[in-house]
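Asks: These protein sequences, in sequence, are chains Z and L. Under the numbering used here, the first residue of the first sequence is numbered 1, with each subsequent residue one higher. Under the numbering used here, the first residue of the second sequence is numbered 1, with each subsequent residue one higher.
Hints listed in this document are in silico derivations from the structure and should not be mistaken for laboratory results. The beta carbon of each residue, even a glycine, is placed where N, CA and C say it ideally should be.
No farther apart than 30 Å at their CA atoms in a straight line, the calculated lysine-lysine pairs in the DSSO-like style are these: (1) K318/Z x K359/Z; (2) K21/Z x K2/L; (3) K100/L x K2/L; (4) K100/L x K359/Z.
To give an idea of the chain Z side of the interface with chain L (calculated C-beta under 8 Å), a few residues: (5) V38; (6) G327; (7) R357.
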Amino acid sequence: MNNQTTEKTQLYDFHVGHGAKMVPFAGYDMPVQYPLGVMKEHLHCRAAAGLFDVSHMGQAFIIADDGKFETAAAFLETLVPCDVKSLEPGQQRYTQFLNADGGILDDLMVSRLGMDGHQHWIYIVVNAGCKTEDFAHINKHLPDGLKLKILDDMSLIALQGPKAVDVVSKYIPKARTMPFMSSLDVPLDGMWCHISRSGYTGEDGYEIAVKHTDVVKMCELFLSHDEVELIGLGARDSLRLEAGLCLYGHDIDETTSPIEAGLIWSIQKHRRAEGGFIGAERVQKDIAERPVRRRVGIQPDGRAPAREGTIIQNMNGKDIGIITSGGYGPSHGGPVAMGYVKRRFSRVDTEVKLLIRGKAKPAKVVKLPFVANNFYRG
Amino acid sequence: MKYTEDHEWIRLAKDGDSDIATIGISAHAAEQLGDVVFVELPDIDAEFDKGDDVAVVESVKAASEIYAPISGTITAVNGTLEDAPETVNAAPEAGGWFFKMKITDASELDGMMDADAYKKFLED
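So that you can see chain L by itself, here it is in the shape it has in the complex (with noise of 0.2 Å):
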C-alpha cells in the first residue's frame, strides 16, 4: 500500500500484463472529513491524469474533491458507496474504496509513501 501527500491510498495488483491501482482514502483523511454523507464517483473507462479531479466526497461539514494520484483509465467503482457511504468512515482503507484504475505509467508510483513514511508524514 502506497500513500500520497493528498492523504489517498493506493493498492497495486496485476491483472494478466496490467496494473491495476485500488484507490481509497487514508484513515487520517476520513477521520478529518467526518461523517462522509455522498460520494461521487467517475464513470468506467472514463481517463485521468495524474492530478485531475476524479471524484468528489461530502461530509455533513462541506465537499472535498479526490484527486487521480496517477494516471490511467477506471476499471471498477465502489458502488457500495452510493447507498453506503459511511462506508469510508467504517473501512476507509478496506470495503471503503473508492475506484480501480488501469495504470497508464507505473513509474508515477515512484516516491510514493509507504505507511511508515505516511506516518511520519501525519507526525510532521
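So that you can see chain Z by itself, here it is in the shape it has in the complex (with noise of 0.2 Å):
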C-alpha cells in the first residue's frame, strides 16, 4: 500500500476517547492497544469479554438475480474451494480465494443468510488489506445475472471471550444456544444486526455487523458491561497466534497452498475429488502427493521470542524453514510461534533451532493451537 492517506473506521473517536493508541494497520487507523495494554488484554479476553472492532475488514453481498441460492452458490464455487451448495441458512464456513497456481489470495468467512426472503443471499468478510483486490477479483469472474454488493454502510466488531454469551444473550436470548459457525439476522437493543457465533482468538464469542449509525451505540452498550474490556490489533494478534490462526501476507499468501497451510479441514471431501475451483489442480497434487512443507507450531525453548523470518533449522545447522508469526503468547506464559518447514520435519516433537540474531537456539516442532479453542459445542 503506497498512499500515505489512512482510513478511519466509524469507531475512530470512540477509540480515541478509550485511550486507544492508534497505528496506521492495512490502510486504516486502527487501535494497536488500549491503557489496559497488550497483555491483560489479552488475558482479560480469555478470562471475560472482549470488544474489538474490525470495521476495517471487507463486507459484501453475493446476489443471484433469479433469487436462487443454488446459482449464487455455484459461481462463488468457482472461486473458493469450500461446499457453498451445502449452506444452510444461517450457516457459516471459512474458505480461501485461490489463484491459478492454488496460492491462497486472501481468506474468508461465507455465509447463508438465514433471515426469510434472504436465504438466498451469500454474505463473505474478507481481510482489510486484500479487500479491494478480492472485489475484482469476484467482479472478473461474475457472470451475468449475478451481482456483488459491497457493504460500505456496514461496520464490523467481535465480542470475544466465554462470558460474550453472557453479555449478547441479555438482548438476544436465542444467542446463548445458536451454534458455532451459525447467524442471525436480529435486532440487538433496537439495532438491527447480523450476528455470527464466531471469531478469531479461539474462544467463544461473535462477529456483529452493525449499521455505521449503529456501531458507537452498540460498542458503548457492551462496554458497561462489567464483563468487557476493549482490546486492541495487539492482542488481537497474540490470541490468534495461541489458537493457531492464520494471518494473511504472513502465515498465508499467494505462494502458500491451503494444504501446505494445513487448511485442508476447510475443503470438503466432494470439492477435493471433484475440484471446479481455480487453483484446483495444486491442491489436488499437494493431497495426493503431500506438499513439500508444511505450516507447523514452533515452541521455542526458554524464554526468548522467535519473530517472523526467523530461520529454522535442522539439527545439523541446514535451513528448513521460517517462522511465519512469533511472539509472546500471554495465556500459554511464554513464546508461541508458527512457521513452515520442509514435510519431514514437520512431525510433532521434531527438535529444530531457531536463528535467532546469530545464535542457534533450540525448539521443537508442536501441535497447534498452543490454547485450547473454548468454542461453543452445544
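Hey, can you piece these two chains together into the complex? The hints should help.
Replies: Next up, the structure:
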C-alpha cells in the first residue's frame, strides 16, 4: 500500500476517547492497544469478554438475480475450494480465494443468510488489506445475472471470550444456544445486526455487522457491562497466534497452498475430489503427492520469542524453514510461533533450531493450537 | 543520572579508580514498549563501543535493541531480568537496570541530558 492517507472507521473517535494508541494498519488508523496494555487485554479476553473493532475488513453480498441461492453458490464455488452449495440458511464456513497456481489470495468467511426472504443471499467477510483486490477478483469472474454488493454502510465488531455469551444473550436470548459458525439477523437492543458465532481468538464469541450509524451506540452498550474491555490489534494478534489461526500476508499468502497451510479441513471431501475451482490442480496435487512443506507450531525453548522471518534449521544446522508468526503468548506463558518447515521435519516433537540474532536456539515442532479452543459446541 | 536520546539512563559510581556506569531504559521507554517479556543481556567482560548493540528487550509487540550509550567493558548484568523481565516495567529506573559497564572514556558522557533536560526532550 503506497498511499500515505489512512482511513478511519466509524469508531475512530470512540477509540481515541478510550485512550487507544492508534497505528496505521491495512490503510486504516486502528487501535493497537488501549490503556490496559496488550498483556492484560489478552488475558482479559480469555477470562471474560473483549470488544474488537474489525470494521476495516471487507463485507459484501453475492446475490443472484434469479433469487436462487444455488445460482450464487455455484458461482462462488468456482472461486473457493469450500462447499458453498450445501450451506444451510444461517450457516457459515471458512475458506480461501486461490490463484491459478493454488496460492492463497485471501482467506474469508462465507455465510448464507438465514433471514426469511434473504436465504439466497451470500455474505462474505474478507481481509482489509486484500479487499480491493478480492472484490476486483470477484467482479472479474462474475457472470451476468449475479451481483456483488459491497457493504460500505456497515461496521463490523467482535465480542470474544467466555463471557461474551452472557452479555449478548441479555439482548438476544437465542444467541446463547446458536451453534458455532451460524448466524442470525436480528435486532440487538433495537439495533439491527447480522450476528455470527465465530471469531479470531479461539474463544467462544460473536462477530457482529451493524450499521455505521449504530456501531458507537452498540459498543457503548457492550462496554457498559463489567465483563467487557476493549481489545486492540496487539492482543488480537497474540490471541489468534495462540489459537493457531493464520494471519493473511504472514502465515498464508500467494505462495502458500491451503494444503501446505494445513487448511485441508476447510475443503470438503467432494470438492477435493471434483475440483472445479481456481487452483484446484495444485490442491489435488498437494493432496496426492503431499506438500513439500507444512505449516507447524514451533515452541522455542526458554523465554526468547522467535519473530517472523526467523530461520528454522535442523539439528545439523541446515536451513529447513522459516517462522511466519511469532511472539509471546500471554496465556501460554512463554514464546509461541508458527512457520513452515520441509515436510519430513513437520512431525510433532521434531527438534529444530531457531537462528535468533545469529545464535542457534533450541525449539521443537508442536501441535497447534497453543491454547485449547473454547468454541461453543452445544 | 543522565539520559540519552535513545531513552536510556546512566548512573555513575566510583569503584576504586574506575568509573562504573549502571545502564537501563527510561520510564518513558518502558511505558512505550509495553509489557516486557524477554531481555537478552550481554556477556560479562564483553567490550562495546558507543552505539553498539548490547542487549535486546522484547515486549509482547516487538523486539528493540539497546545501544551502548558509552564505550566500555561489561562488569555485571541484572540476572533478575532473566526470570522476571517484567521488572523493567515495574521499576525501569531502579531494579530494572540492564547491565554495568567500566567506562573507557568519561568524556563521552559530556552533553548527555540530566533529568530536567530529558523531561523537556520528551515534551518537544
